[in-house]
Every structure is written in structure tokens, then in C-alpha cells.
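Student: Residue numbers (this note's numbering), protein chains in the order written: chain A, 1 to 149; chain B, 1001 to 1149; chain C, 2001 to 2149; chain D, 3001 to 3149; chain E, 4001 to 4149.
One thing to keep in mind: the hints can contain errors.
[As the list claims (entries may be wrong)] Simulated crosslink set (EDC-like; lysine to aspartate or glutamate; CA at most 20 Å straight-line):
| no. | chain 1 | residue 1 | chain 2 | residue 2 |
| --- | --- | --- | --- | --- |
| 1 | B | K1054 | A | E86 |
| 2 | C | K2054 | B | D1087 |
| 3 | D | K3054 | C | E2086 |
| 4 | C | K2058 | B | D1087 |
| 5 | E | K4077 | D | E3074 |
| 6 | A | K77 | E | E4074 |
| 7 | D | K3077 | C | E2086 |
Everything labelled a hint here was simulated from the structure, so no lab data went into it.
Residue strings, one per chain:
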Amino acid sequence: MASSAIDELHRIGSGYTIARYTVPGIKDLPVACKILFSRNQCDLVMAFGMPGPKPVDKSSAQIASQGLMQVQIEYGKHIIEVFVHEDEADDEKTLAWLMDRRSREHAMNAYNILFNPKALTAMAGTGLRQGYEDAGPLIDSGRSGKIRH
Amino acid sequence: MASSAIDELHRIGSGYTIARYTVPGIKDLPVACKILFSRNQCDLVMAFGMPGPKPVDKSSAQIASQGLMQVQIEYGKHIIEVFVHEDEADDEKTLAWLMDRRSREHAMNAYNILFNPKALTAMAGTGLRQGYEDAGPLIDSGRSGKIRH
Amino acid sequence: MASSAIDELHRIGSGYTIARYTVPGIKDLPVACKILFSRNQCDLVMAFGMPGPKPVDKSSAQIASQGLMQVQIEYGKHIIEVFVHEDEADDEKTLAWLMDRRSREHAMNAYNILFNPKALTAMAGTGLRQGYEDAGPLIDSGRSGKIRH
Amino acid sequence: MASSAIDELHRIGSGYTIARYTVPGIKDLPVACKILFSRNQCDLVMAFGMPGPKPVDKSSAQIASQGLMQVQIEYGKHIIEVFVHEDEADDEKTLAWLMDRRSREHAMNAYNILFNPKALTAMAGTGLRQGYEDAGPLIDSGRSGKIRH
Amino acid sequence: MASSAIDELHRIGSGYTIARYTVPGIKDLPVACKILFSRNQCDLVMAFGMPGPKPVDKSSAQIASQGLMQVQIEYGKHIIEVFVHEDEADDEKTLAWLMDRRSREHAMNAYNILFNPKALTAMAGTGLRQGYEDAGPLIDSGRSGKIRH
């Protein structure tokens, strides 16, 4: 997933450098993000993970998300959480496609937050989703927060 | 939703300026609110979002709300959360109506918190809800905290 | 509910002053409590709310409670949460009675915490509940934390 | 429950003093623990509570536990949570027995944390539980964190 | 479980010292980790626990995990949570095998985080799991966060 995002970022534009930090599990992501903010002075972190299908995995994903939230608030900097749940697709091919597409769309969001915030305002309310089909516009504006993870 | 709220605010009164910050997803709202408090010195933030209908969306909405809570407590300033869940209405027309109405009613609340706190005390216990029908007064006073999101 | 509590407090004793802050929804309570602690130097806050019956309301109530917890811990001062859930009673008359009774009993608790802590120790383990019937004593002492919200 | 624990502590050993703080409900415990750490300079707190059987009680217990966790982390000192859920036993006699036994076993744990940490390491993996029957050893060591509340 | 991890660490490499802290229950782990970070200046902590099968145990595990998350974020250092749920295996022999295997695999992860981070990046996306069979690679890279607890 990180590779898809990095590829997409290079496709979109330049003017940034990328640091990478791999962790063994999704609950290890928040402290890794903190290290990327504090040691590497990153302006934004993308956190990639693939929670499993069992209840204990769902619980881990929630705790990881809460930790990512806490680190974002501590630093006042965005962490773009890119989680693809194993049970979001029925077969491995679709899952691989979803992981690639969602990573690329979130990479675009990450780029826009830092370099082109007006593009996000323009997209608000158009019903764009990361991965799978888009929902289409319902009303013309003001639906910030529409696009979900 | 932001447009409805801005329109309503202009209808109610003046004496304020509005800053706007669009994010790609609801879990990106809390850090955006922090930035609006710290960089833009906002006195109050309205956070608009539209959580989807799936369990993972409900979980995201909860994490976003917890983050909004944390930022409010850090700054001692109100964040008015205006979430319309996609499954609150059966058709798109009703959903659009609900988004507009709830945004306007919360805009009124936001205005009252800053400029007219006595109006909120007067309304406590009258059963007013944001969007849909109101519940009507049960007892005459003291039901602060009645109106839900 | 606030009116019932204030009436009860005046009935029990004096030596205090009351500040009141009304908010539009239960998730707005925690930051209001923080403001009452920091701006009004309150020694204790009673937070009144009436969560609705839907899952989204239950989730809001939980987030509000977590926020109240966080503010209490930040200040090292008690917030007495007085929530009456709409689905705790089948009809409006019983609900109104429950709101009044629970508010009064919690007002007594609030008073005792500040002015008469020994009364709380004496009551520990006697099975007193706020609203509805009491459970009666099971063992004679040491059941601090028995009385629930 | 506090009485059982105090009785057990006196049976085990001396070299400590006990401060007691009674609160009306389990969600009032965390701030009470903070006060015992900050005002009374306690080295460890035992928090006794009896959550009820309803969903709202379970939710309160969870929020209380999260608060106890937060206070522990703030002070870097242990809070031994001793909760007996009302629905852990079918009759009052068993419940009273469970409350006494669990309080005594947790008192032993509290004592060992402060005065005899090696005893805890020796017990790790032996399957001892607080209240009810013990599970028996499965493997010989390394099962720290086995004993549950 | 700690013994398996220590044995594995000694098998993998040297250049570190190990401090051990045993607690009576999983909810006591977070403050123990804080003490190991602050008093013992540990660079990383492995937290071993065995949550029981009941809903109250699952809730305790979640609260323990949230606490471990908070301590990690406070210190910007990793805590490797190694929990084996009692209901992950049907018989005690399998459970003992799982406890040993997961502890060893997490010990390897802990070692790599501190001494060999490149090994983690190389393994990302290969579908390795702690305990039980591995899932096998789906795509070649970028699946950091794949391996679950």
C-alpha cells in the first residue's frame, strides 16, 4: 500500500521528501507516527494497515485509530489513516485492487492537504470515496467530511 | 452543510468572521479543529460530517467524536459537531433536507453559545431537536443537554 | 433537572453559590464543565443530560461521559453526571418523576462530597440508588461505588 | 468490600497507613483516586465498585475503568480495580462471598506490588484468579497478566 | 510467555539487558510499562497477557490496550502487546503452543524494531502472522501493519 501511495505522490507532484517506518502490527502505528513527527519533522503521515476480519482484529483497529487520533491532536498535524479491512473484498484480486486504489486516492488527499487545500474544498460534497465506486453528489457543497476511510 | 450553516449565521446576526477548513474524511476533523483554534484563533468551531451506514463507518464516527471531544477540552472552547448519518433518511431528498435543517439549527446554537447564552437556558427542557420533529416540552425547565446530535 | 437539583440543594443546606451554564447537547457538557472549573472556579459541577433511545444517542452519551471523566481528572474535582435516558421509563409522567428524583438524590451526593463526606462512607453498602427503588443492603459496609447512574 | 480488604491487609502485614474516600458512584472513583494520590500522597489505591447488570451499567463500568487507567498513567502508580458485577452471581449469598474473597485476594496483590514484588513473579502462570475457583497452571511461568478482574 | 520471549531474544542476538516487572492483571500492565520506561529507562517493553473468554474480560483487554497505547504515545517508545486470548484455542496444549510461538515471533519483532528496522520493511506485505499459520503474500510490498495481535 505504501508503494502505491509513493508511486501516486510522485505522479502528482514534487517538492517533498518521504520517510518510511515499518511496524509489525497496526497497534504499533501511532507511536511510529509520533516518531516520524518528532524525529523526522514530518508535516503529515500516511498510516497504512490491513486489519483482519475477527472481532479481536476490529478491536485492535479501533485502538490503533484512537492512538492515531491522539498523536494527530498532540502535534496538530494530519495523519491520513489508510486501512483496508481484509473482509472488505471477497477475493484476493479485488482486495489487492482496493488496496492500490485507496492508497492512491488517500495520497492525493495527503498532497492536497499540504499543497492544494482549495482542491479539497472544491471536492467537498461531490461524494468521492476512497476505493470502490463513488456515491455521486447529493447536494452541491458543504459536505466536508463526506469521504470515509 | 457548511453552506447552510454559513447562510443561517448571516441571517441571524453579525459581529464575527468565518474561517473554513475542508478535510477529506471525518477522522481528519479533530486536528483541523485544533488548527482552527491555534492558528486562526477561532472561538468556536462547527464540524460537519456525514458518516456512512456500515459498522466501520460508525466506528470512524465514534473515533472522530472522541477526537473532537479531546480538542474541545484542550482548548476549553466549544466544537459543535454536526453529523448527519447516511442512514438517518431513506431517500436522498429527505437526507438533503435533514442536512440543511440540522446545519441551520446548530448554527443557531453556535451563535447563542457565543453571543446569547441566555437564549439556551430559556430553551432548555423545551424538547427542541436538530432536524426532524421536536419532542415537545416534558417538564418546564432544567433539561439542559436534551437536544441531541 | 437542574431546577430540581437547585431546589434540593437549597433544602439541604447553604454555604455555597451556584453558577449555571446551559448547552445545546450532551456532548457540549464536558467543555462547559471545564469552563465552570476554570472561569467560575467551581468546586464541583453537576452535569444534567437526557440521552435519547437510539444507538447513535447511546454512543453520544458514552462520548459525553468520557469527556466528563477527562475534565474531572484534569481538575481533580468531581463532576456528578446526572443522565436520565429517555428509555428508562415507558411514559412521560414516570420519566418526569425519575428526572426529579434522580436530580435530587444526586444533589444530596454533591452536597455530601463537599460538606459531609462522612455521610457517604456511612451510606456505602446500603444499596441506595438514584431514582427507582433502592436495592437494600447486602452486606453492611464497604460497597462504595454501589450507587449507579 | 473495602472492609474485607482492610481486614486482609492487617492480616498480611504492617508498615503502611490507610486513607479512605467514599464516592456515590463508580464513575466518581477516578477523580477520588487522583485526590488520594495528590493530596494524601498514597502509593497505591484500591478502587472498589459494584457495577449493575444493565447495558448502561456496563458502559459506566467501562468509562470508570478508562478513568482509573488514565489516573494510574498520570501518576505512574497502581490502582487496583476491584469490581464485582452484580450479575456475576445468581444469589446474594454467593455475591457477598465473591465480594469478600475478591477483595481479599486483590488486597494481597496490592501488598505484594508494594512490599513483595518477587511473590508476583513467582505466582505468574499459576492460574490464580480473584474469586471463584482458580484455573490451575497451564505452563510454568511467564503468564504475567493472567489473573483477571 | 515472558520466558519464551526471553529465550528467543537470547537466541537472536545480544547487546541488550532485560528488566522484568510482573503484575497481577492485564489492566495493571500500562502503569508497569510506564515504570519500566521512566525508572528503568527501557527502550522498548513487551507486555504479556492472557485475557479470558468472558465479555468482561474482553472489555478489560480493550482498556488495557488503550492504556498501553497511551503510555507508548507519552514516551514515543514501542510497547509490543503480546496477548493470547484464552478462547483462541480449544485445548490447553494448543494454547500453550500458541503462547510460546506468538511470544517468540513478537520477540523477533521487538528485536528488529530496535536493532534491525530494515528487516521489518522487507517483511511488510509477506503476510506473516504471530502464531498459527501465515497468510502468505498477497501483493509484494507496502502492507505494513498487516501482522496482527
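Student: For every hint, state whether the structure bears it out.
Tutor: Hint check results:
Between B:K1054 and A:E86, the direct Cα distance comes to roughly 15 Å. Compliance with the 20 Å bound is thereby established for this hinted pair. Between the alpha carbons of C:K2054 and B:D1087 the distance comes to roughly 13 Å, so the proposed pair stays at or under 20 Å and holds. Distance restraint check for D:K3054 and C:E2086: the Cα-Cα separation of roughly 15 Å lies within the 20 Å cut-off, and the hinted pair is therefore satisfied. Note on C:K2058 and B:D1087: the hinted pairing holds, with a Cα-Cα distance of about 16 Å set against a maximum of 20 Å.
Straight-line distance between C-alpha atoms of E:K4077 and D:E3074 comes to about 17 Å, which keeps the hinted pair within the 20 Å bound. A hinted pair counts as satisfied when its Cα atoms are at most 20 Å apart, and A:K77 with E:E4074 qualifies at roughly 17 Å. Using a Cα cut-off of 20 Å, the hinted pair D:K3077 and C:E2086 is violated, with the two alpha carbons roughly 39 Å apart.
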